[in-house]
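Protein chains: 2
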Amino acid sequence: MKRTILVVGIGAGNPEHITVQAINALNCADLLFIPDKGASKADLADLRRDIVERYVTNPQTKMLDYAVPVRDMATPDYGRSVDDWHDALASRFGSLLDALPESGTGAFLVWGDPGLYDSTIRILDRLRQTHDFAIKIIPGITSIQALTAAHGIALNRIGEPVHITTGRRLESTKADTIVMLDGQLAFRNADPGLEIFWGAYLGTPDEIIISGRLGDVAERIVETRQAARERHGWIMDTYLLRKPG
Amino acid sequence: MKRTILVVGIGAGNPEHITVQAINALNCADLLFIPDKGASKADLADLRRDIVERYVTNPQTKMLDYAVPVRDMATPDYGRSVDDWHDALASRFGSLLDALPESGTGAFLVWGDPGLYDSTIRILDRLRQTHDFAIKIIPGITSIQALTAAHGIALNRIGEPVHITTGRRLESTKADTIVMLDGQLAFRNADPGLEIFWGAYLGTPDEIIISGRLGDVAERIVETRQAARERHGWIMDTYLLRKPG
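Protein chains in written order, with the working numbering: chain A, -7 to 237; chain B, -7 to 237.
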């Protein structure tokens, strides 16, 4: 029997976002791989530990901490810096795999859904070139779903498309657009006549949401985001842009 | 105190897709509104009842069945036929609301996530013109997440956008595209050089997935889909189209 790696979506921040499938998966694991991303993201790590304490009842299931390699932000070539970083991560994941008993099961706990703007699956694919193991993916609630639930809106208009992109790629907004990973605050350059539905720390007690005409609320979002980021040491936010009406 | 309506996402078909938040929400409700969509979708209704039986432990929580008005497919104007149908649904939802005790709580159980290609939120917005009540939305696992988990793939490429649309609107595929609600099998008209990741009855024991070069597998998907639809009396499927490599 091969070793098995579970990639388990644990939701967008609310510990109650976890699914019954995810709880059962975590309780099947010998080892839960817990990343240490440094002090600035300590409350995220605490939230992950809180989830483990609440839901993992199998006494055989242990936690294994590991240090996460840091991406070289100084490299001017984005694709290259991500590629190098993924190599370093694949090598780290290889040692986690080696820590498992033969035919044992390890689990990564991934914020949101493992398929949406998360690199775990891709890094495990890279590791497959050198290691033989099975992968099972458990879906999780994403920040997109937490965003629309918090605003009480549907993501799409009737029969209309939705575009999901990153701040880096937010050039034009032809369709209703969800923007993830926007460190550049790209919404400041979008059409001020658009409606924005913005949210940060979605699903957590620190959740903040702001909506309105982009031209009217953009500055308030920038200031709120900046203040919250200083207070927490980190921020995770996402937003929907759409034509009004 | 106003009455409260909970719109609860219950996942894409696997009863274990349900979240702890959804379980707690269902157990807060006085009434669970259970749609009757006729014999052809009886196994979907059974699945919904199975979820209630598994997870609802509050003896005060009762089920209330209601007949779902049918959309007039003969009306040539799509927008108009949806509009009329939503009016009929809003009126039906009004009588469900009236069945609640004062300051009571009712819950709709919605497949997938209430924000993604589901009309419940929109119909409740319509009902707000005549009734005063609070709405709370509980996110759920969508068929998109079930699809990528089943195929063991990430939805997006590194830093790249994803487009979500319907079969009706699948004109061109500039970005990687998720297609929902494709009764027309629009993928038959897409570039045969694209890769397709297709899935039906995702998350259920009847799950079927097919992937490959579109030109190679399109016919197999059409035949598989047709046979499965005849066997079950209904089908729910979705797929991802993307350029290979």
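Incorrect hints may appear among the rest.
Unchecked claim - Below are the DSS-like pairs computed for lysine-lysine, each with C-alpha atoms no more than 30 Å apart in a straight line: (1) A:235 <-> B:128; (2) B:235 <-> A:166; (3) B:235 <-> A:128; (4) A:29 <-> A:54.
For the record, the hints were derived by calculation from the structure and aren't laboratory data.
Structure-based check of all given hints:
1. For the suggested pair residue 235 (chain A) and residue 128 (chain B), the alpha carbons sit about 24 Å apart, so the restraint of at most 30 Å is met.
2. This hinted pair checks out: residue 235 (chain B) and residue 166 (chain A) have alpha carbons roughly 21 Å apart, not beyond 30 Å.
3. Taken as a hint, the residue 235 (chain B) and residue 128 (chain A) pair is honoured in the structure, with Cα atoms around 24 Å apart against an allowance of 30 Å.
4. Distance hint between residue 29 (chain A) and residue 54 (chain A) is fulfilled; the C-alpha atoms sit about 19 Å from each other, no more than 30 Å.
Hint compliance for this structure: no hint is broken.
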